[in-house]
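K.L.:
Sequences and hints are given; from them, build the entire structure.
Protein sequence lines, in the order shown, are assigned to chains A and B. For the first sequence, position 61 (counting from the first letter as 1) is numbered 151 according to our numbering, and the numbering increases by one without interruption. For the second sequence, position 13 (counting from the first letter as 1) is numbered 478 according to our numbering, and the numbering increases by one without interruption.
Hints were generated in silico from the structure; no laboratory data involved. Honestly, I wouldn't trust all of these hints.
Computed footprint of chain A on chain B, listed as stretches where at least three residues anywhere in the stretch have a Cβ under 8 Å from a Cβ of chain A [unchecked claim]:
#, segment
1, 481-490
2, 500-514
3, 540-551
Chain B is faced by these chain A residues, among others (derived, beta-carbon under 8 Å) [stated by the list, open to error]:
#, residue
4, K93
5, Y122
6, Y193
7, F194
In this text, a Cβ means the ideal position worked out from N, Cα and C, and glycines have one as well.
The primary structure of each chain is shown beneath.
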Amino acid sequence: LAKTTQPISMDSYEGQEVNITCSHNNIATNDYITWYQQFPSQGPRFIIQGYKTKVTNEVASLFIPADRKSSTLSLPRVSLSDTAVYYCLVGDSDRGSTLGRLYFGRGTQLTVWP
Amino acid sequence: SQTIHQWPATLVQPVGSPLSLECTVEGTSNPNLYWYRQAAGRGLQLLFYSVGIGQISSEVPQNLSASRPQDRQFILSSKKLLLSDSGFYLCAWSFVDGTYEQYFGPGTRLTVT
Chain A
91 LAKTTQPISM DSYEGQEVNI TCSHNNIATN DYITWYQQFP SQGPRFIIQG
141 YKTKVTNEVA SLFIPADRKS STLSLPRVSL SDTAVYYCLV GDSDRGSTLG
191 RLYFGRGTQL TVWP
Chain B
466 SQTIHQWPAT LVQPVGSPLS LECTVEGTSN PNLYWYRQAA GRGLQLLFYS
516 VGIGQISSEV PQNLSASRPQ DRQFILSSKK LLLSDSGFYL CAWSFVDGTY
566 EQYFGPGTRL TVT
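P.N.:
Below is the structure:
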């Protein structure tokens, strides 16, 4: 089981870029790194997923160094509506299985101020 | 497109009473299905997952159980609720492709009194 460590909270202001770093020293060869966003009283929402190097979509970028022991979620120009909890997860898949079991920690509470 | 439904949205039950939460998925076949619980101010805890009808795996020993009577239906049950069962219960599904993109339902807020 690959555990993850991320800051408990972060603060930012509207329009700034936010980088949330997650460490996962015991990541396995077949594991993907996935980030989710959760608003209060809602289920988490998938943001981005990667295996190595850099992945970018319309919402965020994910930077993964060569050793894959950490990853950084980058949110460009955040707004008040980006205030949420962000979870970094590393998949723990059974060998030969198509099931991806995810383990959510406490995540990072991002608060964006006006 | 795929959608996931959960009901009820909120539930208040006395200690010792039974529980049945239902989750259904539309627009996809043979999904992986998951039940999570989130206690107040905490992260999500994976409770059960299923790769097919009648195939249930439990992550945490507890007084809860899960069943999958149909391909896209996932039920969380308890014969006797405990105070510690209070929380936000979330159902999720994923494609059977080995990656970890999961889609969550709206959740059920359970309060055991």
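K.L.:
All hints, please: hold or fail.
P.N.:
Here's how the hints hold up against the structure:
no.: 1; hint: 481-490; result: violated (count 0)
no.: 2; hint: 500-514; result: holds (count 7)
no.: 3; hint: 540-551; result: violated (count 0)
no.: 4; hint: K93; result: violated, 12 Å
no.: 5; hint: Y122; result: holds, 6 Å
no.: 6; hint: Y193; result: holds, 7 Å
no.: 7; hint: F194; result: holds, 4 Å
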